[in-house]
Amino acid sequence: MKVVERISQARSIIAETKTAGNTVGLVPTMGALHAGHLALIEAARRRDDFLVISIFVNPTQFGPAEDYEHYPREPARDAELAEEAGVDLIFAPPPQEIYPEGFTTSVTVTGLTEGLCGRYRPGHFQGVTTVVAKLLNIVQPDRAYFGEKDYQQLIVIKRMVADLNIPVEIIGLPTVREADGLAVSSRNRYLSPEQRAVAPRLYEALQHGAELASQGASGSEVEQAVKKMLAKVPLFEVQYVEAVHPNSLEPRGDARAPMVIAAAAYLGETRLIDNVKVEEGSGNA
Numbered sequence: 006m007k008v009v010e011r012i013s014q015a016r017s018i019i020a021e022t023k024t025a026g027n028t029v030g031l032v033p034t035m036g037a038l039h040a041g042h043l044a045l046i047e048a049a050r051r052r053d054d055f056l057v058i059s060i061f062v063n064p065t066q067f068g069p070a071e072d073y074e075h076y077p078r079e080p081a082r083d084a085e086l087a088e089e090a091g092v093d094l095i096f097a098p099p100p101q102e103i104y105p106e107g108f109t110t111s112v113t114v115t116g117l118t119e120g121l122c123g124r125y126r127p128g129h130f131q132g133v134t135t136v137v138a139k140l141l142n143i144v145q146p147d148r149a150y151f152g153e154k155d156y157q158q159l160i161v162i163k164r165m166v167a168d169l170n171i172p173v174e175i176i177g178l179p180t181v182r183e184a185d186g187l188a189v190s191s192r193n194r195y196l197s198p199e200q201r202a203v204a205p206r207l208y209e210a211l212q213h214g215a216e217l218a219s220q221g222a223s224g225s226e227v228e229q230a231v232k233k234m235l236a237k238v239p240l241f242e243v244q245y246v247e248a249v250h251p252n253s254l255e256p257r258g259d260a261r262a263p264m265v266i267a268a269a270a271y272l273g274e275t276r277l278i279d280n281v282k283v284e285e286g287s288g289n290a
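Counting from 6, one number per residue, gives the positions in the sequence shown under my numbering.
Just to be clear, a hint being listed does not mean it is correct.
Said to hold, decoys possible - Under the rule of at most 30 angstroms between Cα atoms (straight-line distance), these lysine-lysine pairs were calculated in the DSS-like manner:
{"no.": "1", "residue 1": "LYS233", "residue 2": "LYS139"}
{"no.": "2", "residue 1": "LYS7", "residue 2": "LYS154"}
{"no.": "3", "residue 1": "LYS237", "residue 2": "LYS23"}
{"no.": "4", "residue 1": "LYS154", "residue 2": "LYS232"}
{"no.": "5", "residue 1": "LYS23", "residue 2": "LYS139"}
{"no.": "6", "residue 1": "LYS163", "residue 2": "LYS139"}
{"no.": "7", "residue 1": "LYS237", "residue 2": "LYS282"}
{"no.": "8", "residue 1": "LYS163", "residue 2": "LYS7"}
{"no.": "9", "residue 1": "LYS154", "residue 2": "LYS237"}
{"no.": "10", "residue 1": "LYS163", "residue 2": "LYS237"}
{"no.": "11", "residue 1": "LYS154", "residue 2": "LYS139"}
{"no.": "12", "residue 1": "LYS23", "residue 2": "LYS163"}
{"no.": "13", "residue 1": "LYS232", "residue 2": "LYS282"}
{"no.": "14", "residue 1": "LYS7", "residue 2": "LYS23"}
{"no.": "15", "residue 1": "LYS154", "residue 2": "LYS282"}
{"no.": "16", "residue 1": "LYS282", "residue 2": "LYS233"}
These aren't lab readings, by the way, just hints derived from the structure by calculation.
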């Protein structure tokens, strides 16, 4: 396994493996690798001949009051885990490599980014789409892998790739969870023992909403039920609970499944996000 920081180095290695006829898979990450990342890496390893992961804590997707400076950075541990998982190349650029002096270009996906997390994190998705577009251009993978925990991000990236005719297949994979249901996240380490004990209640509330949706409840009814359940947990400060269409992310309102029930809530200063997808005419998926 090789670790490189420069775009020119990454492109040279990838060009060589493509010349040899290998397919290339990319797993974009911000490091602090966990079981969710490893599941993406495993899926890529099964499908592609040569596996690249990027490790880049992207400053442009963090708001002024967010945790960019304190976001966990563990390059040695990440490299060890990546090598054990069969990664061929780590692309770990410094910020100035991705955003050199004079950089002024950005990629914006409208419509899909205004609701859910986008309503509360202005500029976040512009930062995400810009850096992902750059990574896809640098690596030029055949496939790129993203987790469904960041469901809005996944849909936004799929839209960007389609709209800009980027020749890559975007693969979304199910959320990886702890044994008690909490979605795996690098930020879970911020939780105190008391907060960690109640954190799975977010997923429990979403599951309850999904059960109601599978029985015919409307989007608005599901939202109210989930909010009511979360209100019973004093430590939670709910930011939003929304039932949206799985593709358009439009609010379901009086409409019924299919839907994605998405939520964001704070435990102390730690922001948790999660979602459950409900297929039309079936239970939660």
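Pair hint LYS237 and LYS282, alpha-carbon separation not exceeding 30 angstroms: Holds, at roughly 23 angstroms.
Hint consistency between LYS237 and LYS23 [alpha-carbon to alpha-carbon, up to 30 angstroms]: 54 angstroms, violated
Pairwise hint evaluation, LYS23 against LYS7, where the allowed Cα distance is 30 angstroms at most: Holds: LYS7 and LYS23 sit about 16 angstroms apart, inside 30 angstroms.
Distance restraint between LYS163 and LYS139, which requires alpha-carbon spacing of 30 angstroms or less: With a Cα-Cα distance of about 15 angstroms, the restraint between LYS163 and LYS139 holds, given a limit of 30 angstroms.
LYS163 paired with LYS237 [C-alpha distance capped at 30 angstroms]: Roughly 36 angstroms separates the two Cα atoms, so the pair is violated.
30 angstroms limit on alpha-carbon distance, applied to hinted pair LYS23 and LYS163: Roughly 24 angstroms between the alpha carbons, so the hint for LYS23 and LYS163 holds.
Distance restraint between LYS154 and LYS139, which requires alpha-carbon spacing of 30 angstroms or less: This hinted pair holds, its Cα atoms lying about 22 angstroms apart.
Proposed proximity, LYS237 with LYS154 (alpha carbon, max 30 angstroms): 24 angstroms, holds
Hinted pair LYS233 and LYS139, Cα distance within 30 angstroms: With Cα atoms ~42 angstroms apart, LYS233 and LYS139 exceed 30 angstroms; violated.
Straight-line alpha-carbon gap LYS7 to LYS154, limit 30 angstroms: 29 angstroms, holds
Satisfaction of hint between LYS232 and LYS154, Cα-Cα up to 30 angstroms: 19 angstroms, holds
Pair hint outcome, LYS23 versus LYS139 [Cα-Cα no greater than 30 angstroms]: Judged against 30 angstroms, a Cα distance of about 19 angstroms means the pair holds.
In terms of the numbered hints stated before, the structure departs from hints 1, 3 and 10, listed from lowest to highest.
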